[in-house]
Amino acid sequence: MKRWFIFLFLLALFPAVAFAGSTGKIAGKITDAETGEGIPGVNVILVGTSLGAATNLDGEYTILNVTPGTYELKATAIGYAPVTVRDVRVNIDLTTRINVNLGEAVVELGSEVVITAVRPLVRKDLTASTAVVGDKEIDALPVTEVSEVLNLQAGYIDGHVRGGRQGEVAYWIDGVPVTDVYDGGTVVEVNKNQVQELQLVSGAFNAEYGQALSGIVNIATKDGSNTFSGSFGTYFGDYLSDEKDVFLGIDDVDPFAISNFDMSLSGPVVNDIVFFSINGRINNFGGWLQGERRYNPSNVAFIDSAGSFIESRNPEQGLGNGEIVDMNSSEKYYGQAKLNFHISKQIKFWYQYIHDDVSYQDYNRYFLFNPDGNATNYRLGQTHLAQMTHLLSDNTFYTLGLSLFEKNFKRYVYEDPYDARYVHPNLLTSLTPYSASTGGMDMTHFERNTSTLVGKFDITSQVSQQHLVKGGIQVSAHELYFNAVTLRPIAEQSDFDPAMDDPFISTRVLDVSSIYHDEYTRKPMQFAAYIQDKMEFDDLIINLGVRVDIFDPAGQILADPTDPSIYNPIKPENRYRDLNGNGVQDLDEPDVTFAEREAYWYKDTELKYQFSPRFGAAFPISDRGVLHFSYGHFFQIPRFELLYTNPFFKLGSGTGNQGTVGNADLEPEKTINAEIGLQQQLTDDISIDVTAYIRDTRDLAGTRADQITIFGGSATYS
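Heads up: the sequence shown begins at 1 in my numbering, then just goes up one per residue.
Just so you know, these hints were derived from the structure itself, not from any lab.
Glycine is no exception: its CB is placed at the ideal position from the N, C-alpha and C atoms.
Hints are supplied without guarantee of correctness; some may be wrong.
Unchecked claim - Here are the simulated BS3-like pairs of lysine-lysine, each with C-alpha atoms no more than 27 Å apart in a straight line: (1) Lys410 <-> Lys523; (2) Lys571 <-> Lys523; (3) Lys603 <-> Lys523; (4) Lys571 <-> Lys670; (5) Lys410 <-> Lys348; (6) Lys29 <-> Lys345; (7) Lys670 <-> Lys608; (8) Lys345 <-> Lys74; (9) Lys670 <-> Lys523; (10) Lys74 <-> Lys29; (11) Lys332 <-> Lys410; (12) Lys136 <-> Lys332; (13) Lys348 <-> Lys74; (14) Lys244 <-> Lys345.
Stated by the list, open to error - So the derived label-pair ranges between C-beta atoms look like this: (15) Asn408 <-> Thr227: 51 to 61 Å; (16) Ser259 <-> Pro120: 38 to 48 Å; (17) Lys136 <-> His342: 20 to 30 Å; (18) Ser622 <-> Glu331: 47 to 57 Å; (19) Ile303 <-> Leu141: 48 to 58 Å; (20) Ser259 <-> Ile303: 21 to 31 Å; (21) Lys136 <-> Ile273: 49 to 59 Å; (22) Asp304 <-> Thr521: 44 to 54 Å; (23) Gln585 <-> Arg695: 54 to 64 Å; (24) Gln610 <-> Gly702: 18 to 28 Å.
Given these sequences and hints, build the entire structure.
And the structure:
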């Protein structure tokens, strides 16, 4: 508990300081069309929203907390003709600058000037490499998944950014991180039709973003409005190839092997007050990798006493029907619901639930002719997000957020570990090198639950026309439950005679002292705080900030790494009390009990922390060109699977045994990123963005092999 005094102390240091960026800003100047001077007191509103501002004495205005999307901006003042600007595009964390000239009002009532905003090809306030893709661009792309949109962006390939490792990218939805801390993936997937805007930040991102070394994927989802809208879409298909020798059964075309049904609906519950947005998707994917059911898992193939290969001891039971079946198929059921409450002009609240239910198989060529022996994966992700925004003034607002992510992952052939259809593990052994399975099945029965509860507080203030200050704190409480079992036959069935024994077995789950069973629960915690200032001048934009991250692994490491297994100790002093010092356990010398070893076997891990400065600058060199530079230190906790794998350091006995153990005291991974680049508009519809970058990476997680001597031989652990 004493570690958390540090956390409480830091909370006291940042009482007024994050949901990360999920909104943008509109700013500009309203001037007199004849004199060019700023007009004070002009009302500037976003049509159809409660957002707006009044210009200051210099005619300048700022509208904060604008969700990404396209708006109409209207400027009105006494004595001037109102002006409406259409197609005003707002992006996450960026400033949309709209300057308006107001002309003298004409006599006719109702006269109004309407102009259309032009989306700039060069963003002058981008201080780091950022790809921004809006909903209209996504709709126009020939893609079905958000991951395909990301793969079209420069520097991103299948979860890797600029050559970094997979898992070095943080994923955010509506300002909340949704990265699975166990394996670095996402807790849930978002349907592309529900995306309002997607950002990929591959440069040195701002201090509000953490727990990433390579990049940030920031997704803003759609809100409901006063207008009902909906959509329904579907597609079907299959894979084709003339490489029939490579892709088994590829010439058997089924137009419904791949199917997708997608529905969305949004609108008002109570006009101007409560809005909803829902989306659902069912996706069945047949895959392109197939196998032949030549054998059943219960098939017993063996080599007889004469050295002949017997394909099946009982063909009626062991041989399959020869059917071609999918081996990398998946089924996805996705649902998302969002409610927005505009309680008043100052207070808004939203709640969102995301449900992601997937079952799939990983292709395993070893089961090419015994496909029913391969295990199936089941993933259930559930996310609850809630956020309240309170506008304290036209220039200051804060947000309070709470989120709960839960991910359940299972892997097995049969859900019941004691299912009578399980067969002896010896059937899975290949009889000849480099051959496929002729029987048997995956005996793994795996379950992993990850839950993360996040509480956040943010405050944003436009302290002057040039300075936008943001700060925040975040506390994350994780709970990881892990249960990995390799099913074993009961003792009476341990040996197997392929010539006569029944292939079906009664399975058993060995206790956690066995190398065939790992089960544990860990509850690490994280704390983060940041403060940053976005400074916007006519010829210079600067992002400057600092972030602090603290991590409590809440784990244990070995007090003596040369004697790793508490269940099977090596050193005599850890096995028995050598009372007479002769180096041999005599009859009157007791064993050291498990409880006695447990008192000194492990030691607690230490807190990990880092201060990370971030800096970015953009220099407009013309009305069509911008130079940008960014630099930052970045910090990421290694994936929990690397911290907690085999936490009791169990190793088998006998020569040549190998085992992998985690290290809960791993140092965080760190990088220093810097880049310099140029955005240049060439024509009215063509621009280029050229960037050079450098990365200095330290403390990446890896493996190290250590060999130790144990009873019965040696073992290697990494």
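Each hint tested on the structure:
A C-alpha spacing of about 20 Å is found between lysine 410 and lysine 523, which places the hinted pair at or below 27 Å, so the restraint holds. Distance check on the hinted pair: lysine 571 and lysine 523 sit about 31 Å apart at the alpha-carbon level, beyond 27 Å; violated. Our distance criterion of 27 Å between C-alpha atoms is met by lysine 603 and lysine 523, whose separation comes to about 16 Å. A C-alpha spacing of about 37 Å is found between lysine 571 and lysine 670, which places the hinted pair above 27 Å, so the restraint is violated.
The hinted pair formed by lysine 410 and lysine 348 fails the criterion: a straight-line CA distance of about 38 Å is larger than 27 Å. Among the hinted pairs, lysine 29 with lysine 345 is consistent with the structure: their alpha-carbon atoms are about 24 Å apart, no more than 27 Å. About 12 Å separates the Cα atoms of lysine 670 and lysine 608, which keeps this hinted pair within 27 Å; it holds. Restraint check for lysine 345 and lysine 74: satisfied, since their Cα atoms lie roughly 18 Å apart, inside the 27 Å limit.
Distance restraint check for lysine 670 and lysine 523: the Cα-Cα separation of roughly 23 Å lies within the 27 Å cut-off, and the hinted pair is therefore satisfied. With a CA separation close to 13 Å, the supplied pair lysine 74 and lysine 29 stays within the 27 Å bound. Taken as a hint, the lysine 332 and lysine 410 pair is honoured in the structure, with Cα atoms around 15 Å apart against an allowance of 27 Å. In summary, the hint linking lysine 136 to lysine 332 is supported, as the alpha carbons are separated by about 25 Å, within the 27 Å threshold.
Distance check on the hinted pair: lysine 348 and lysine 74 sit about 22 Å apart at the alpha-carbon level, within 27 Å; holds. Restraint check: the Cα-Cα separation between lysine 244 and lysine 345 comes to about 64 Å, which exceeds 27 Å; the hinted pair is violated. Asparagine 408 and threonine 227 have their C-beta atoms about 37 Å apart, which leaves the hinted 51 to 61 Å range violated. Range check, serine 259 to proline 120: Cβ separation about 41 Å, and the 38 to 48 Å hint holds.
A C-beta distance of roughly 25 Å is found between lysine 136 and histidine 342, which places it inside the suggested range of 20 to 30 Å. A C-beta distance of roughly 54 Å is found between serine 622 and glutamate 331, which places it inside the suggested range of 47 to 57 Å. Our hint of 48 to 58 Å for isoleucine 303 and leucine 141 holds, since their Cβ atoms are close to 56 Å apart. Against the hinted window of 21 to 31 Å, the Cβ-Cβ separation of serine 259 and isoleucine 303 comes to about 45 Å, which falls outside the hint.
For the hinted restraint 49 to 59 Å between lysine 136 and isoleucine 273, the CB-CB distance of approximately 28 Å leaves it violated. Our hint of 44 to 54 Å for aspartate 304 and threonine 521 holds, since their Cβ atoms are close to 49 Å apart. At about 56 Å, the CB distance of glutamine 585 to arginine 695 agrees with the hint of 54 to 64 Å. Distance hint check: the CB atoms of glutamine 610 and glycine 702 are about 20 Å apart, consistent with the given range 18 to 28 Å.
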